[in-house]
Every structure is written in structure tokens, then in C-alpha cells.
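Participant: Place chain B on chain A using the hints.
Take a look at the letters that make up each chain.
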Amino acid sequence: MQPTHSSRRILLPVRNWFIVFTLLVALVLNLVPFGRLPGIPDWVALVLAFWCVHQPLKVGMAAGFVLGLAMDVADASVMGQHALAYVLLAFAAAGLSRRVLWFPLAQQALHVLPMFLGMQLVMMVTRMIGGAEFPGVLWFLSSITATLLWHPVTYLLLIPQFRPEDKDVHRPI
Amino acid sequence: MSVVGHAPPPFFKRGPAPLVRLAFFVSLSLALLVADLRFHTLEWVRLAVATAAWPLQRATGMPIDAAGDFGAYLSRQATLLKENEELRRRQLGTANLLLRQDHLERENKRLRALLDMRDRQPVEGRIAEILYAARDPFSRRVIIDKGSQQGIAAGQAVVDDIGVIGQVTRVFPLTSEVLLLTDKDQAIPVEVQRNGLRAVLAGAGSGMMELRFLAANAEVQVGDVLVTSGLDGVYLPGLPVARVVKIDRDSSHSFARITCAPLAGVERHGLALVLGDRRALPPQPDDVPVTPDQPTRGKRVKKKVR
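Protein chains in written order, with the numbering used here: chain A, 454 to 626; chain B, 2 to 307.
This is chain A alone, in the form it adopts within the complex (with noise of 0.2 Å):
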């Protein structure tokens, strides 16, 4: 597993922990209570997002579920929708990995936009068919900074998994 399939550098095997680490901090960093501020991402969605891409095998639509009643609750939201939303990213993240992973950081991230961007909109389908009101469009700024944090948290949550770079010409690889 590389950053990207078209890297030439392996990267040691993940760590459970870590990702369930990860997840969970991602948890915490969304209870923050920032309000109505518009463009504060969804960092839940962005992990979750980045884990069944890199990891499919691993993280899925269960995980996105079980994040997603995390989050209807914290959120005093309606139960269910988070986990809707979450489960759907997951299938698409998951579903698309192999695709994704062979793309530079950049492009990841214009495929990683339209699934954030899908997931608000399911969000926001499902409140208003229950009577809620719109929330205006900078609420959709959110999945651009998520798309625009990509590259920085790629190399973040895969910080554990480099390995020292020792050059042997004998050996290439």
C-alpha cells in the first residue's frame, strides 16, 4: 500500500488502533461547539472517508454507521441521519478506492468532493422532507474545506505507516 498506487514507496501495515485512534478524535474534534459557523468541515466524514479509501477492507459502511448515531446524537439531530449519510460516503469511498488511489493527492480530493458533497445533500433532503428549513448555502462550504484539509490529513494519517527512506541501490525498491 502506497500513498498513491503510482508512488514507489510502501508503506508499513496500519494499525487498528490507530484507526479506531483516529476515528475517535475525529469525534471529539466535531463536538466542538462552533455553532452556525459556516465552512467548519465535518472531520468524522473527512477520516471515515479517508480510511475506506486507504483501507476498504478494514473500515466500512458498519463504521459509518456506528459513527453516524455518534454524531445524531451529539448533534441533537434526528437519529438516523448521520448514519444515512455516513453509510452511503462509506459505500461510495469504499466502492471507488481502487480508482481513487491512482490518482496524485489533487485529483483524490476532486474525486473525494462530489461524495461529501452527496452526503450534505442527503443530509439535507432527509431534514427537510421531515419539515426542517433550509440551512442556506454556506452550509455546503464544509465539504470544500473537507476536499481542500485531503492533502495535509493524507500525509498526516499516514505518518505511522512510513518508513524510513534508505537508498540501496541493489535493491530499488
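Everything labelled a hint here was simulated from the structure, so no lab data went into it.
Don't be surprised by glycine CBs; every beta carbon is placed ideally from N, CA and C.
Worth double-checking, as some hints may not be accurate.
[As the list claims (entries may be wrong)] Using C-beta positions, here's what the derived DEER-type ranges look like:
no. : chain 1 : residue 1 : chain 2 : residue 2 : range
1   : B       : Asn109    : A       : Leu570    : 57 to 65 Å
2   : A       : Ala515    : B       : Gly271    : 37 to 45 Å
3   : B       : Leu75     : A       : Leu477    : 31 to 39 Å
4   : A       : Ser460    : B       : Asp186    : 49 to 57 Å
5   : B       : Ile65     : A       : Ser460    : 36 to 44 Å
6   : A       : His604    : B       : Ala216    : 56 to 64 Å
7   : A       : Ala515    : B       : Arg91     : 41 to 49 Å
8   : B       : Arg15     : A       : His604    : 24 to 32 Å
Facilitator: Quick look at chain B alone, frame taken from chain A:
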């Protein structure tokens, strides 16, 4: 333990197909959505989890609080002095009213006793701090720092120094959730202060409210102040709520579209006063025929057929 990445991936034992898993989880989420939106059956789950997560939630709020405190620390002494002066002047201005309030209230009680009317309930309140706005962008709620441990109960009215903010909708042990007036689900019975016309005020989204079910020729003007009418048994009568900002009397609709702006700092944060429970009104008698003189209460009253 074998490590994925070095061990061969499981080619054959992969569990159910992704589409099957997707269908399973989506239907589970939809069931939850329906259970919560339609039947409101999942409140106890929310209560349990929210109580357990309370310390964590406070801890995450600390950096934000600290930033706010730091900003306040940096605010110039001059502004503070000016604010202090302003407050003192305002206190002196209202001292006249406050000093006579006690006297007037006693007189009111005596007169009411003379007229054989029911006593007005004395106002009692509990000061609470608004901690933060709930993250849910689809509704307008704030969290206050008093909960069932401090005697807050669902349904109590919340006011600030200018007027009504909203109503307590969910109570946790240490916090409670206030649904703001501007939320689409919130309705409050009001009357026009100028002429006593009764109506229902409902949230319209984007920080505004709408006076519903008033005829196109209703006697309402731009600038009218709306106060609570107290008919619902939740809000005390006479609390200022909103001011009429725009009236659209389109004759093609049977009702006027009346837009109002809240008077109190509904979307601002600070201190709020949670008013005590009102005594329950006596239940409405069944046998009294409904008078047709109540078109503005917003509820359609059906006559019983015997």
C-alpha cells in the same frame, strides 16, 4: 496476528456483497429516521448518551471559551467604563418603575380580589447561561447550563432582558436544550399590543417569524409590537416577543403574509432567564359550545356532533 498488507487479502471470505450491506444499513437508518421523526421514541437513548458524553463535550468547548475570555480581556477599559456608565444610567431610568412595582402589584392583587378574579401568578425565574448553539444546521436551538438537577423542566419559557427567546424542549441532568422562537417548529400565541388582536406567531426560518392565519384586512401595522397572550398556559401574558416588519396583503390569498423580527437577542448569546412553570390552566370544558369569535387562535376547533 497477521497483518493486512503483508498477508494475502481474503479473496473468497469477504462477507455479503457491498450492495447487500448498503441496503441493510440504509434500511436500518431509514427505520431509525422514521422512528425518531414520526414517533419520537428514541429520546431515552439520546438522554443516556448525552449524559455520558457531557464531560467530553464541556472539555471540547474549553478552547472556544478560552478564546472568548481572551477577547474579553483585551477589550479596552474605555469600552467597559462606557458600558458601566450606560448600565448605571439605565438602572436609574428604570428605578422609578421598579420602586413602584411592588406597590402596583399589591394594588393589582387587591383590585383583582375585589373583582373576584383569579390571581396573576408571580414570576419566578432562574438565570442560566447560554453555552453554545447546537451544531444541527437545520434547527435553531441553543444549550443552556441548567438542567433537571437545577429544577428545569421541559416546556418552560426562556426570556432575556428584552423579550422571549424560546422554550425548553429537552432536559438533560446538567444542561437543557432551548428551541428558539425562530425555529420552524416553534409557535407562540401572541397578541398585538396596540389593539389586543390575538394570533399565532411561528418561526419562518432565516431568523424571522411569521404571523399566521390573520385575514388579509387584519388590523396590523408595520412597527406593531407583539406580546404573549398567555392563552397557551406556557408563557406569562405580556412578554414582548416581536415587531412587525413587513406586511404583504395580497388579495389572492385569504391570509395576510406578516413578517416579524424578534425583539430579544434570539440569535445572540449571553444570559437568559428560565421562567418557572406556570400553573396548569383548568381543562377546557367539553359542553360549552365553541364561540365563533376565536378565528385567530390558529387551531381549528371542530364542533362535536352528537
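Participant: Does each hint fit the structure? Answer for all of them.
Facilitator: Hint check:
1. Asn109(B) / Leu570(A): 57 to 65 Å: 59 Å, holds
2. Ala515(A) / Gly271(B): 37 to 45 Å: Since the Cβ atoms of alanine 515(A) and glycine 271(B) sit about 43 Å apart, the hinted range of 37 to 45 Å holds.
3. Leu75(B) / Leu477(A): 31 to 39 Å: 34 Å, holds
4. Ser460(A) / Asp186(B): 49 to 57 Å: 51 Å, holds
5. Ile65(B) / Ser460(A): 36 to 44 Å: At roughly 39 Å between Cβ atoms, serine 460(A) and isoleucine 65(B) fall inside 36 to 44 Å, so the hint holds.
6. His604(A) / Ala216(B): 56 to 64 Å: 59 Å, holds
7. Ala515(A) / Arg91(B): 41 to 49 Å: Since alanine 515(A) and arginine 91(B) have Cβ atoms about 59 Å apart, the given range 41 to 49 Å is violated.
8. Arg15(B) / His604(A): 24 to 32 Å: Since arginine 15(B) and histidine 604(A) have Cβ atoms about 31 Å apart, the given range 24 to 32 Å holds.
When the structure is compared with the earlier hints, a violation turns up for hint 7 alone.
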